[in-house]
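Build out the structure end to end from the sequences listed, making use of the hints.
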Amino acid sequence: MKNTPLLEVDNVSQFYNNRRILENINFKINKGEFCTLVGPSGSGKTTLLQLIMGEQQAHTGNISMSGFPVKSPNIDRGIVFQSYALFPHLNVLENVMLGLNLQSRNNKVEHKLLLEKTFHYLSLVHLKDHAYKYPYELSGGMQQRAAIAQSLIIEPKILLMDEPFGALDPHIRDEMQVLILDLWEKNEMTVFFITHDLEEAIYLGTRVFVLSPYYQQKENKKSRNQGARILLDKKLSTHINSTEIKNSPDFFSMVSQIRNIGFNPKKTRLVDEFNTLHDQTK
Amino acid sequence: MKNTPLLEVDNVSQFYNNRRILENINFKINKGEFCTLVGPSGSGKTTLLQLIMGEQQAHTGNISMSGFPVKSPNIDRGIVFQSYALFPHLNVLENVMLGLNLQSRNNKVEHKLLLEKTFHYLSLVHLKDHAYKYPYELSGGMQQRAAIAQSLIIEPKILLMDEPFGALDPHIRDEMQVLILDLWEKNEMTVFFITHDLEEAIYLGTRVFVLSPYYQQKENKKSRNQGARILLDKKLSTHINSTEIKNSPDFFSMVSQIRNIGFNPKKTRLVDEFNTLHDQTK
Amino acid sequence: MLEKIKQLREIDKAKKIFLATIPFIILLMLYSLASTLRHQDNANDKILPSISQMADAFYIKAFVKDRRTDQYILWQDTFASLKRLAGGIFFAAILGIIIALHIAMLPKLDMLLSPFLIFISMIPPLAILPIIFIAFGVNELVKIMLITIGIFPIITRDLVLTIQKMPKQLITKAKTLGATQAQIIYTIILPQVTPRLINVIRLSLGMGWMLLIAGEAIASTEGLGYRIFLVRRYLAMDVIIPYVFWITLLGFLIDKTLYWISKNKYHWYCKT
Amino acid sequence: MLEKIKQLREIDKAKKIFLATIPFIILLMLYSLASTLRHQDNANDKILPSISQMADAFYIKAFVKDRRTDQYILWQDTFASLKRLAGGIFFAAILGIIIALHIAMLPKLDMLLSPFLIFISMIPPLAILPIIFIAFGVNELVKIMLITIGIFPIITRDLVLTIQKMPKQLITKAKTLGATQAQIIYTIILPQVTPRLINVIRLSLGMGWMLLIAGEAIASTEGLGYRIFLVRRYLAMDVIIPYVFWITLLGFLIDKTLYWISKNKYHWYCKT
Amino acid sequence: QKNFKIAWSHYTGWEPWGYMQDSGILKKWGKKFNINIEAVLINDYIESINLYTLGKFDACTMTNMDVLTIPSSSGIDSTALIIGDFSNGNDGIVAKTAKNIKQLKGKDVYLVELSVSHYLLTRALEQNHMREKDLNLINTSDADIATVFMNSSKNSAVVTWNPPLQVVKQEKGTKLLFDSSNIPGEIIDLLVVNSKTPDSFKKAVIGAWYETMNLLKNSPQRNKIVKILANQSGTNSALFEKQLKTTAMFFQKNKADAFANSTKLKTTMRHVRNFVFDKGLMGNGINSPGAIGIMFPDKTVLGDPLNIKLRF
Ligand SMILES: Nc1ncnc2c1ncn2[C@@H]1O[C@H](COP(=O)(O)OP(=O)(O)OP(=O)(O)O)[C@@H](O)[C@H]1O
Ligand SMILES: Nc1ncnc2c1ncn2[C@@H]1O[C@H](COP(=O)(O)OP(=O)(O)OP(=O)(O)O)[C@@H](O)[C@H]1O
Ligand SMILES: [Mg+2]
Ligand SMILES: [Mg+2]
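Chains as they are written, first to last, in our numbering: chain R, 1 to 282; chain L, 283 to 564; chain G, 565 to 836; chain D, 837 to 1108; chain A, 1109 to 1420.
Among the hints, a few may not be true.
[Claimed, not checked] DSS-like cross-link-like pairs, simulated, lysine-lysine; straight-line CA separation at most 27 Å: (1) K71(R) to K944(D); (2) K1004(D) to K829(G); (3) K919(D) to K577(G).
If you are wondering where the hints come from, they were derived from the structure by calculation, not from laboratory data.
Pasting the structure below:
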C-alpha cells in the first residue's frame, strides 16, 4: 500500500447558499509530510479543513484517507480549531487528559502513568501552574495552548491545525513551533497546518499550499462566482530547529512570491500558468 | 486642562480568586499617543483592558479618564475585542452601522449619508461583498475585520484594541495597520493597542509597554503570588507608512530587548532596575 | 450539482415524515387493541371507545348544528378556547419579556424582584381561585389571567437566565457604540432573546392548554375545556378523546408555526 | 485589601436581602389592608382571613395532634406531598435526560420521536385521567406519574434545544479524541447539560406543584393538595392561604437549593 | 340596584336556570319588576358558592348543607328563596362487592368528603350503627369520581350523586346499597339569595321559576324543554328523564311552602347542622352547633337568634 497517499482530495468543490467557496481542489498528501496551507482571510481554509475532518460533506468530489472515503471525524485525525473549543466543564488537566482517559481501561496503575504524561504535556505548553483552572478562567493564549496539548497528547496519525499559534506571544510561539516539529519527527506524524503567517508556513512546512480566489479562468476576466483554488503547491526543504533560516534571502523571496500569488486581489494569475507550478509530489 | 492626562492608571492591582494578576500598575497616557502593550500570554493584558473599559472594577487603585474615575463602558472608549464579539442578530452592514444608527435621528437624508459612510468602511476592510452576511456566515478573519470597522466608524476619543489583527492574513494586516495609523493621525485619536506581535507593536506605537510577571522583587527570589507589572515603558519615534523600517537593525535590537525583558521566564530582572527604565512621558 | 443537493434534501424530508408517523401508528394500534379487548369484556365499555364511536361523536360535534345554540359546537368551542389561549400567552409573553429585560439589565431591580418572582412562580393558581376572582372578577378575563399567571413566571425566569448567559462583551460593545440603557434593552437584547422567547412559548404551550382547560372547567359556557368538563360527568370518552386529540393537534400546529417563524426569521439563532 | 473585597460582598448581600424583602412586605400590607376592609364590612368574612386567624389555623395544623388520625396534619401532608413531588420530578428528569441525549445525538431517533414528543407535550393530562388510571391504576403511582407526564416533555424538549445549541466543534473534538458514541453522550454531553437540567427543573417546579395538587385532589387521604381541596368545601381560607404559602415557601427553598448546587458544582456553567 | 346575577351549576334540579336564561323567561320577569336578572353558569359547584359568598352574585344554587358551611358561616345572611327539589335517589352509595352497608366495614370508600355525599354516608352509617372510622374514606374530586371508582380496587365503594351515580350504577356487578330515597327530604336543593336583596328581585325570581316549573310539569312543550335541559347538561332525554325521576321536584309553590313549614325540615336542619359542626365546617373558633341561627317560616329559630344567617 506504499502507493496509496494518506490523504487524497479529489476535485472537491463546496458551496454556501449557492455561492461557490472552493473549486476543484485536488491534492494528495503522503505519510510524513508537513503541509502548510496559507491563503487570504475568507478564502475557504477552514472550510477545506472541515471537509477533511468529515464535519461537512463535500458537495462534489471525494476525500479519502488511506484509500477510504472520509466519513465523520474520528481518532485518526486530530484537530486544533481556530476557535479553541475546549470542554467548558473540564479543567485544563481534564481537558488535556481527556483523549487518554477515553481510551484507558481505568486501572490505577495506568491512571498514574496517564497523569504523568498529561503533566509532561502541560509543562510543554507552560500550563502546569494552571492545571486546575477551567477554560473560562484562561486567557485567549492559554486556551489555545491547552487545545494544542489536548490534540498532541494522543499522537494522531494526521494532525489538522487551524491557525493554532494565532494568539501566542513570540516566545511561546517559537517553543510551540519547535515542539510540533519535534513530535512530527519523533512520531512520524503527518501534519496539515493552516496559518496566516507566511514565514511560519515556510519555516515549518515540507510543502506549502496557497489557497486563493484571486486567479483568472482562461484568458477571460475573473468570473463572478468562482471559488478558491490551490494556486501554489511547493515542496520545501526541511530545516528543523534552525531558526536562522528565517533571515536568509531565499526565505524572503519565497514569502514575497507567495504574497504575490495568493494575497493580492489586483494581481491575478491565469489558472494555466498555475497548473505548471503544481509540483508533482508523489 | 492641558496637564490632565487623557487616561491615568494609578497603582492598580487586580485579583482572581485571591491570585494576584496585576500588581501596582501605574501609567498616564496623553491625548494623541499610540500606545502598544505587549506581554506574555496570560500576563493580564486583557484584564488591564477590561479595567480601563470599566467592565471590571479594580480591586485597588484608580483609573481615570480626563480626570474622572472610569465607571462603566461608554462611547468615549471604543473597543475591539480579542474574541470578535459581533452582534449575532445583525448582518455585517447592520453591525458596522450600529454605532451610527444608535446616535442618528432617523431621518431619510441622514440615513443615506450613514449608509454611504458604512459602505466606505466596509470597503476599507474588504467586506463590501459580504455586507449582507450574518456573523455565523463569516470566517474568523472576516469577523475580526467587521469588528474593526464597527469600532472605527464612530471615531472614538480613545480606541482600545485587543490583538485586533491576530487572525488576519499578511496582506490585509498591512492594510489594516496603515488604516489605523491613518485614522489615528487624521482624527487625533488616542490608541491603546494590545498585540502579541512585537514587530507590530514597535512599528505602530509611539510608546510601547511591556507587561510581564517575570521579575524579581528586591534581591529575593520571585515571590509566589506576584502579579504582572509594567517592566518597560518606552517612547518610540513615529514612522508612518514606512514599512521599510521593519528591516532596520535598530528595529531588530528593540525586538530582542523586549523579548529578553518581558517574555523569558528564566531571565528575570530586578524591579529596581526596571524603575529606572520607566520613561517619564509627561 | 445543486440539483443533486436539492434532491437529497427532498429524500431527507420524505424520510423524516415517514419516520415521524411511525410512533403515531403504533399508538393508534395499541389503542385499538386495548379498546377491542375491553369491548370483548364489556360491550358497553365507555372508557376506551372504538375509533368509529369516537369518529361518530366527533362528527356530530363538528358538523351537526347544535339544537340549543344553533351552532357547530366544535368550532364554537375551538374559537372560544383559542381566543383565550392566545390572550393568555400573549399577556404572559409581553409581561415576561418586559420584566425579564429590566431585571436582567438593572441589578437593583433584579435584587428587588427575582426572589419574589420565584415565589410567585411556585403558587398553584388553582388553589387560590377565590383570591384570583377578587382580583379579576368572573368573566373572560379571569380565564385569560389564569393562563398568564401560570406561564409568565416561567417565561420571565427563562429569559432572565438566557440574558444572563449572553456574552457580557456584547453589552460592553453596545455601550461603547453609544447605546443608551434603553437602546441596549430594546435594540440589542430584545431582538437577541426573541427567538428564545418563541422557544419558551413553544415549551409552555402544554401548560397553557392545561390551565385553559382548568379555567374553563370552573366557569364558562363554551370552550374545549368546558365541553370536556361537561361530558366528563357522564364519562363520555367518545367525546373526550377526540377533543383531547383535537387540542393536541392544535397545539402541535401552533408549535410548528412558531418553529417555522423562528427558523426563518431568526435563522442566525440556531447557528450560534 | 482582600478583606475589603469581602466586606463589600457582605454589604452587597445585606442590600440584596433588604431589597428582596420589600415586595413581600408590600404584599403583606396590601393583604392586611384588604382583609381589614372586608372584615369591617362583615366580621365573619372567610375569604380574606386576618393574619392572626391564619396563624391560629396554621398552628393547629402544625402543632396540634389531629383527633381523627392522631398525627400532626401539616407534617403528614407535607411529607406525603414532598415524596410525590420528588418522585414525579425525579422520573421526569431521568426520562427527560435519557430521551433528550439520544434524540439529540441520533438524527434518526430525532426524526422518529421529536414530532411525537411535541404531540405528547400538548396533551393536558388532567383531561385524559381515565386512560391514565387504566395505565397506572388508582394509587400513589398515578399521582407521581401525573407530575412526570406533565413535566418530562418540557424537560426533554428544552434539553434537546440546549444540546442542539452546543458548539458542534466540541463533538468533533471528542470524536477525534477517540470518544465512542456512548462516551460522547455520557462523558461529553451529559455533564455539560446537567446544569441546564437543574435550571429546567427549577423552572418547572411550579408546574410540578400544580400537577401534584391536581393529582391529590383526584383521590387521596393526605397531602397538601388533598387538604386544600378538602377544606375548600367550607371555604376555609384561613387554612388554604397558609397552606399555599407553605407550598410556595417549600418551592422557594427547593429552588434555592438547586440554584446553590448549580452555582457551586457547576460554576463553569454561568461563566460561559 | 337594578342588575342582579344568579349563579348556577350543573345539576339535574338546577338545569332549568339555564333554560330560563336562554329562553328569556328571566328577562321577562325582570322587566315586570323593572330590573335586569341574569343567570350565569359556573361549572364548578363550590366555586359558584364561593363567588356568591364573595358578593359577585346575588343568588346561587346550592344544597341545604352547603349554605350553612360556606355563606352562612361566612356571615352572609342568606334566604332559601326557592326550595326546588329534594334528592330522592339522586345521591347514593354504590359498591363493587359489598351487598349491604354493614359489609362496607374496612373497605375503601370514594367520596367528595364534607359534601352532601358525606352527609348521606353518615346517615347510612347511623342507621346501621356504624361509625366513619369503620371505613377508609378517600377524598375524590367530583368530576373524576366515576372513573376513579371504576379503576379502583375490587372491594371499594363510592358515594356520589347524579350523573356519575348513573354511570357507576350501570357498571357490571355494582350494587346500590343506599340512596337518598332512604332519607327523603334531607338533601334539599335550593336557590339561595342574599337576604339584603330587594323584594322585587325575589318576587321576579319566584315568578320566573314557577312559570318554568309549570312548563316542565305538564305542558305541550315539556318534551322539548326536557330535550334542551338534557342537551345542556351534556346528555340525552332518556337519561335525563331517569335523573328527574329520582329528583323530587316541587312544581308548585304551595307544595314547596308546605315542605318549608313542615316540622320535618326542622329535624333535618338539626341533623345537618350537627353534621356540619361535627366536621368543623363552621370554621375555627366556633364551639357550638347553635352558633349560626336558622330561621324557619314560622319565625322559630334554631340556634343563636342574634346571628341569623339562614332563613327559610
Ligand atoms: N456557515 C456558513 N454559511 C455561509 N457562508 C459561510 C459559512 N461559513 C463560512 N462561510 C463563507 O465561506 C468562506 C470561507 O470561509 P472560511 O472560514 O473557510 O475562510 P478561512 O479561509 O478559514 O478564513 P480565515 O483565515 O479568516 O479564517 C467565507 O467567505 C465565508 O463567508
Ligand atoms: N474569569 C477569570 N477567573 C479566574 N482567572 C482569570 C479569569 N480571567 C482571567 N484569569 C486569569 O488572569 C490571567 C490574565 O488573563 P488575561 O486574559 O488578562 O491575559 P492576557 O494577557 O490577555 O493573555 P493573552 O495574551 O493570552 O490573551 C490569566 O492567568 C488567567 O488565568
Ligand atoms: Mg479560518
Ligand atoms: Mg488576552
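Status of the hints after comparison with the structure:
1. Between K71(R) and K944(D) the CA atoms are separated by roughly 17 Å; this keeps the pair inside 27 Å, and the hint holds.
2. Using a Cα cut-off of 27 Å, the hinted pair K1004(D) and K829(G) holds, with the two alpha carbons roughly 22 Å apart.
3. Straight-line distance between C-alpha atoms of K919(D) and K577(G) comes to about 45 Å, which puts the hinted pair past the 27 Å bound.
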